[in-house]
Structure formats: C-alpha cells, structure tokens
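J.: Sequence:
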Amino acid sequence: MLPTRAAASHVTWAAVEPGFHVASRDGEYVGYAERTVDGHFVGFDGRSTPVGRYISLAEAQRAVESAPANEDQPVLSRRAQGAFQAAAALSGIVAIGTFAAAVFTLPML
Numbered sequence: 001m002l003p004t005r006a007a008a009s010h011v012t013w014a015a016v017e018p019g020f021h022v023a024s025r026d027g028e029y030v031g032y033a034e035r036t037v038d039g040h041f042v043g044f045d046g047r048s049t050p051v052g053r054y055i056s057l058a059e060a061q062r063a064v065e066s067a068p069a070n071e072d073q074p075v076l077s078r079r080a081q082g083a084f085q086a087a088a089a090l091s092g093i094v095a096i097g098t099f100a101a102a103v104f105t106l107p108m109l
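Residues in the sequence shown are numbered from 1 upward in steps of one, following the working numbering.
One or more of the hints may lead you astray.
Each pair of labels, with its calculated beta carbon distance range [as the list claims (entries may be wrong)]:
(1) Tyr29 x Arg78: 23 to 33 Å
(2) Val94 x Arg35: 12 to 22 Å
(3) Arg25 x Arg78: 28 to 38 Å
(4) Gly82 x Phe20: 26 to 36 Å
(5) Ser66 x Ala89: 34 to 44 Å
(6) Val16 x Ala102: 33 to 43 Å
(7) Arg35 x Ser66: 13 to 23 Å
(8) Arg47 x Val94: 24 to 34 Å
(9) Arg25 x Ser56: 15 to 25 Å
Since the hints were made in silico from the structure, they are not lab data. Owing to the predicted nature of the structure, the values given are computational and were not obtained by experimental measurement. C-beta atoms are modelled at their ideal positions from N, C-alpha and C, and glycine is treated no differently.
Between the sequences and the hints, there should be enough to build the whole structure, so can you do that?
T.: Have a look at this one:
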C-alpha cells in the first residue's frame, strides 16, 4: 500500500498490513497504530509504549503524532542496564547447563 502524508504534522503513515500502520517523520520512526481483535486501535510511541486505546484509526494516529519524543532520555541507567545484562547472561548459562544435563542423563537408545 502507498503511504499517506498528513500535511499539518509532516508525519507519513504506511499501512504495513491490514490493521497495522507505521508512522515516520522525515524518515525517522515515530510510532505505530494497531487494530485490536475487538476493532479498536491502540497507538504506540517511538519506544512501543502504548499512548492510548481509540475507537478510530484517525484518533490513534493523532495520539501517536502528538506523543512526546523521548529520544534524549536513556531508557535505563547504566547500572540498571548492567544488572539486566548480568541477569540475561546468568539465565543463558543456566539454560545451557540444564540442556547439557538433560542430554547427558538421557539413556542411550
């Protein structure tokens, strides 16, 4: 499908698939609007944070376009990022250990 341009806000909306519309401004990702199973639309900002639930696509698009841009603010502090990375690494080690234990304890057929 062809993208449509909202003249006032300079946001381009592209229908990626039925019920899923992605917004960009000057080539930069802005957010998206997605249809729910009950026919409503949920708008999401540039960090995929829901900005609201709306009856129409136009309402969801307006909400996405007017959502504040938080590009300057880090999502997590460095300390929090380090903690999550350590937890992810530990989870991976545990998963590998569990897999190895399962493989080596299975009887040979």
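J.: Does the Cβ distance between Gly82 and Phe20 fall inside 26 to 36 Å?
T.: 34 Å Cβ-Cβ, so the 26 to 36 Å window holds.
J.: Do the Cβ positions of Arg35 and Ser66 conform to the proposed distance bound of 13 to 23 Å?
T.: holds, 20 Å
J.: Using the beta carbons of Ser66 and Ala89, state whether their distance is inside 34 to 44 Å or not.
T.: About 39 Å separates the Cβ atoms of Ser66 and Ala89, which means 34 to 44 Å holds.
J.: Hint says 15 to 25 Å; check whether the CB-CB distance for Arg25 and Ser56 agrees.
T.: At 21 Å between Cβs, range holds.
J.: Between Arg25 and Arg78, does the C-beta distance stay in 28 to 38 Å?
T.: Roughly 29 Å apart at Cβ, these two residues keep to the hinted range, so it holds.
J.: Take the C-beta atom of Val94 and the C-beta atom of Arg35, compute their distance, and say whether it sits inside 12 to 22 Å.
T.: Between Val94 and Arg35, where Cβ atoms are some 39 Å apart, the hint is violated.
J.: Hint says 33 to 43 Å; check whether the CB-CB distance for Val16 and Ala102 agrees.
T.: Roughly 40 Å apart at Cβ, these two residues keep to the hinted range, so it holds.
J.: May I ask you to test the hint 24 to 34 Å on the CB atoms belonging to Arg47 and Val94?
T.: holds, 29 Å
J.: Using the C-beta atoms of Tyr29 and Arg78, is the stated range 23 to 33 Å upheld?
T.: For Arg78 against Tyr29, whose Cβ atoms are near 24 Å apart, the range 23 to 33 Å holds.
Hint 2 alone, counting from the list given before, is not met by this structure.
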